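Chains as they are written, first to last, in my numbering: chain A, 1 to 155; chain B, 1 to 155; chain C, 1 to 495; chain D, 1 to 495.
No lab work stands behind these hints: they were computed from the structure.
Quick caveat, the model's predicted, so the values are computed rather than measured.
Hints are supplied without guarantee of correctness; some may be wrong.
Stated by the list, open to error - Restricting the straight-line Cα-Cα distance to at most 27 angstroms, the calculated cross-link-like pairs of lysine-lysine (DSS-like) are:
no., chain 1, residue 1, chain 2, residue 2
1, A, Lys-41, C, Lys-122
2, D, Lys-459, D, Lys-475
3, C, Lys-475, A, Lys-106
4, B, Lys-41, D, Lys-190
5, A, Lys-117, C, Lys-422
6, D, Lys-122, B, Lys-114
7, A, Lys-41, C, Lys-447
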Amino acid sequence: MNTDENPKRGDITLVTGVIGADTHIVGNRILSLGLEEAGFKVVTLGALTPADEFVKAALETAADGIMVSSLYGQGELDCRGFRDLCIEAGLEGILLYIGGNLVVGKQDWDSVEKRYKEMGFDRVFANGTRVEEVVEILDKDFAARKKPARKKAGT
Amino acid sequence: MNTDENPKRGDITLVTGVIGADTHIVGNRILSLGLEEAGFKVVTLGALTPADEFVKAALETAADGIMVSSLYGQGELDCRGFRDLCIEAGLEGILLYIGGNLVVGKQDWDSVEKRYKEMGFDRVFANGTRVEEVVEILDKDFAARKKPARKKAGT
Amino acid sequence: MGSKTDDVTLSAAAIPADDFAAMRAENLARWPTGAEVDLEEAVEFHKSLPEHKQLGWVMRQAVREGRCLTQPRGGFGTLELQLELMRALDRDGMADIVPTTTDSYTRNEQWTQAETGIEESKRQGRSMLNGFPMVNYGPRETRKLIEAIGKPAIVLSGTAMPRLTCEIGFAAGYSGYLGSGIAYTTSYTKNTSIAEGIRNYQYLDRLAALYLEHGVELHRRQPGFLTGTNVPPSIAITVAVLDTLLAAGQGVRNYGLELGQTLHLIQDSAAIRVCGELAQEYLAAAGFDDMFTPVTSLHWMGAWPQDDAQAAALVSYGGTLAAVGGAVSVTTKSTHEAYGIPTPEANAEGLRTTRMAIYLARHIRLDDLPEFKAEVDLIRREAKPVIDKVLEMGDGDAAQGAVKALEAGVLDIPWSPNRFVKSRVMPARDADGYLRIYDPADMPIPKDVMAVHEEGLKKRAEAEGVAYDRDLAVKSVYEISEPLDRLLPFPWAAE
Amino acid sequence: MGSKTDDVTLSAAAIPADDFAAMRAENLARWPTGAEVDLEEAVEFHKSLPEHKQLGWVMRQAVREGRCLTQPRGGFGTLELQLELMRALDRDGMADIVPTTTDSYTRNEQWTQAETGIEESKRQGRSMLNGFPMVNYGPRETRKLIEAIGKPAIVLSGTAMPRLTCEIGFAAGYSGYLGSGIAYTTSYTKNTSIAEGIRNYQYLDRLAALYLEHGVELHRRQPGFLTGTNVPPSIAITVAVLDTLLAAGQGVRNYGLELGQTLHLIQDSAAIRVCGELAQEYLAAAGFDDMFTPVTSLHWMGAWPQDDAQAAALVSYGGTLAAVGGAVSVTTKSTHEAYGIPTPEANAEGLRTTRMAIYLARHIRLDDLPEFKAEVDLIRREAKPVIDKVLEMGDGDAAQGAVKALEAGVLDIPWSPNRFVKSRVMPARDADGYLRIYDPADMPIPKDVMAVHEEGLKKRAEAEGVAYDRDLAVKSVYEISEPLDRLLPFPWAAE
Ligand code: B12
Ligand code: B12
């Protein structure tokens, strides 16, 4: 993985965690390790993290993005209003990713993605997504934003 | 199995065989054994039997019914005009059953049954049919015909 | 959570009857449906059930007849959906044991949120909860589920906080209950201390013992799969033995032990054997000689492949492994596993595929295979030093020992979300397909045993041309979920 | 059929080159596409194929690397449908060996009827034939199939009359060809004499040897499944050994042996072992020491259950049995087996399920299990006396021996449609799941071996409370196709 791109991964802070009453830590831990190895600064909240703790941690660490994991199927309930929480806290520009088994049961992916995009997530990842893929897309998204820390000047 | 019904099974002759280039003898042999044990007179033609041999045997033995097996999928081609062959030979009243895997592939059963009924079979049986079931239905059909040998007086 | 008993010194001893009565009263007052619980009435109901709907009897009978029973998982957010599901599992799936999985809010005692989930589910016409909110429905309503099926029913509720759910479940007529203090606290919680988790399950076990005092032998069961992620048999068995001792201490006598499959035919057979044996050995040493401990094998608990056809092999092999290993029951998954909670149809299909696999392998035993014997020996040599050390750290008390050992990393659980667990032990799959330990961290696994593990893992690193490092462990998390063209490509085409 | 060679005295000796040239000319003249066959051109084409598209090389390489390859069956009535099918099996199914099954008219040399079948199929837009009519299409058109895939291809044509089809197939570029004189004549024909069937396959083997003389090592293969209906391993192996001797006599050196699965893990492993060993022993005794005889295991060849979920277990277990048994390849079926020829999708799924099952069991071997050793010993003691007697009856000539032995019932095939076969031998499944012989009829199976069979079968009759009679054999035909509620019901409900 190439960390010499613009913007530098080392300047980017990402908060990771598993939302709600969800204990599935494995994928989130592997993701966190992978992001760290790729050069990002990673703040790990671990399993069973309420939505507001994500926002609090992002504020405290001046994070550029929040990487939410949800595996257990109840993410649809847990993630309602997540973007609004961020906006209330003054983080409206923050990059929001979510990944995992995002609904109960095997549902049509397009409709699942749409639901989460409507909740304010910038990108929605299916179960089985590999870390390399996530890193690639992060690079692209931050490159598109040019100055990743811009949102702090926002409000 | 009760052979004391009216008409007597012992008065009824059935021709069995596997039609066309089909070698699947197992089910047909078990069927033949079962019919014999149930009390019917059975004339077994075995595997790989052309349509006209069924008719010839039925004529020669003054049979009351023909039990055609077809497993290999090409029965639809082999059975075309089977009833006509019987009629030509003066056997228009003869009872015609067919059973097995009657078409190529897994197809809707109702449509398969319809196709074979149109070819002139009185009853059409799916793969997996057990002998006891066949005997029961034979009894019913012959009882309905009252005098099973009537068709010989027919033409 | 936050119960008054927290400050009582933790021990493996039985909760005295008076204390327990007080605890129950306090517990049942936490949510309105608690008031519906009436032990005498529940006891009568259990006694009125035919034997074949009582899981305690059914498990014993399965052992007597050498059967391997099937049991799926399954829970939906409303009574109507759950009824339909349990009927489908009972009839179309031919499940021998019918489950009710609770939802994650219920597991975390967030009953208000569960209430929202029920309403949302009703409004949307699909389940918004990942299980059945049993506490919200209460025992009277929930009993309709028991009445709708012709098999015994078990509550599956992965949590460290089972106190109210178990009261409701037993009162409703469930004769089985899965869960244990060490296993679930280390795998389902982040901030719950091991001591608290143990106490909560001592309550549950004590309640089961109370039913037994009233003549109802319920089936309690230990969830040996832990984090479900490459848990080596020795660790699963160590936890199983400790949880068993804790249950025995409260008076439980019908206690199942579960083991997640490693997917290695010989290792899984050996693990099932050793699990049952060691549980009995340590029970005997602690003075318990009448505890029934049948072993259940669980379909692969790690990540599943996304391809249904590939997943079908895991389902089927899961039946094979259970049958060959002589498990008394197998807990099944479906081809939907990678995606989400299965539909009743997919769940029932998983049951039938497993059942056929059991039928086909029901005569096979590997007892006399030298590799089997070697693996039995290895697992024993791996588990016993850890169990002995844990008990030693607790001065013979399993509860005290477990808390201290987990804190010290003497007992360690891979991939645990719990902050009271070191979770530094690193398992990985070796060149011969055995699940081994790459890094034991602080676990007192003997050197000669570790040498066996290392040899196999080094052989794998070499065969794959990769470094001998902890990436082996991460790779082993993904392995079984990899698409076939990575696992077993056509090897010779240039492409 | 009706070829002039019929009156030549049958023997296992190689057909002299001149005679063979005359036979070929006569044979190729039987249908217009025969004129397209050009041996030199075909040899060049085979040599131009990459190694991984040459089945002879691929089978040898699989043995070197310890792989268990997968191969489905599959044939449709038109080139277009067949192209689509073979691409799907190659890509979606990841088949290591891609098949072309011919239709039953082609098998019976009824090419005019096959022509009608092609036209009907085109008109109806679905396959009206149960396979691909290779002779009608001819080698030039058929080669498009070889060019469309990235794997080696094999012709599957269950018939006693392969003469023209094999010319077309090899000329088209198929590097594998399944079929043999004794196995197919006894299982696919009614009126064809064993001698005629053997002669027809001697033609095919001689043709393969001719390619070898030109530097192209084709893979020939013996279809050991025979009637597919409870064929005991000893009988399958006996026929395999005899067919192998016949092929060796014509100059074939790359010759696969197939065995239908009994669905007993130990028995199937033992059968695979003994099959390879006995073939080599009898080859050596006959002076052939350079014949390559890899063994292929076949998914259950008897009647399948109608339930897809149940069938999935047979598919998956079929991979397990092949992998554990150390088979070099496995021939797969699909969950559609009971119904009809599978769709390309279902066929590909069967391949993937099998492949995953192979991956999971690739490390398991039962070589040191005492039951395995006992079964190896039993199968040897069962097969050798029969093989020896057959060879003795032919004064050392396998061809003569086979004809006489089948006539006398010394060699017998269960459930055969052929009137030159006694088909009085009756196999049945015993109490431990082994496929045994209830009635050996006139086969010279030693008394002590039959005592083992009888014991197991009597144990079964007793366990099921039924008479010890030949109904055991009929029941065993149905057994595996029975619905689960008959095979393994929930045992304790009154219902
Ligand atoms: C292991 C496992 C468990 C373990 C978890 C151990 C632990 N503490 O972590 C245990 C056994 C404890 C468990 C419990 C439960 N589980 Co669970 N579990 C699984 C399983 C089998 C594998 C998950 C896993 O570890 N995968 C491996 C990792 C590496 O992959 P991953 O998690 O998908 O993560 C990767 C990607 O998704 C992506 N990713 C993940 N997060 C994010 C975030 C972002 C921003 C991005 C970009 C990418 C990304 O990157 C990761 C690395 O590649 C899955 C099914 C499956 N997938 O096969 C079910 C599954 C997730 N579990 C499920 C359920 C329902 C439960 C339970 C509620 C009930 C139960 N079965 O007991 C409880 C949950 C309790 C609770 N309160 O949360 C369901 C969820 C259902 C749904 N969504 O419809 C699943 C899908 C199984 C099923 N089909 O029913 N489970
Ligand atoms: C065993 C078998 C074989 C054996 C046959 C041995 C022999 N000489 O008999 C062998 C291996 C030789 C074989 C060859 C072939 N087979 Co085959 N075979 C089977 C299999 C697995 C079982 C059949 C069987 O014996 N069943 C057990 C008996 C007891 O049941 P049964 O035959 O269904 O008969 C019962 C009932 O159907 C009923 N019944 C039968 N006939 C009749 C008639 C009447 C009037 C009535 C009332 C009832 C009735 O009563 C019987 C007793 O209960 C089936 C698939 C399956 N069912 O699982 C495929 C199957 C029939 N075969 C098939 C095919 C294609 C072939 C081949 C063309 C190609 C190949 N695969 O090699 C060749 C055929 C060659 C030829 N020219 O015919 C296909 C047919 C496809 C289709 N219809 O779409 C099937 C369905 C497999 C598949 N899914 O592809 N086969």
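> For the pair supplied as a hint, Lys-122/D and Lys-114/B, is the alpha-carbon distance within the 27 angstroms limit?
Replying inline: The hint holds at about 22 angstroms.
> Holds or violated: Lys-459/D with Lys-475/D, Cα cutoff 27 angstroms?
Replying inline: Since the Cα atoms of Lys-459/D and Lys-475/D sit roughly 15 angstroms apart, the hinted pair holds (cutoff 27 angstroms).
> Is Lys-475/C close enough to Lys-106/A, meaning Cα to Cα at most 27 angstroms?
Replying inline: holds, 25 angstroms
> CA of Lys-41/B to CA of Lys-190/D, is that 27 angstroms or under?
Replying inline: The given pair, whose Cα atoms are some 23 angstroms apart, holds under the 27 angstroms limit.
>> Between the alpha carbons of Lys-41/A and Lys-447/C, is the straight-line distance 27 angstroms or under?
In response: Violated, because 38 angstroms separates the two Cα atoms, which is more than 27 angstroms.
> When you check the alpha-carbon spacing of Lys-117/A and Lys-422/C, does it fall within 27 angstroms?
Replying inline: violated, 37 angstroms
>> Check whether the Cα positions of Lys-41/A and Lys-122/C lie no farther apart than 27 angstroms.
In response: Not OK: Lys-41/A and Lys-122/C at ~43 angstroms, beyond 27 angstroms, violated.
Figure legend: structure checked against the earlier numbered hints; hints not met, in rising order: 1, 5, 7.
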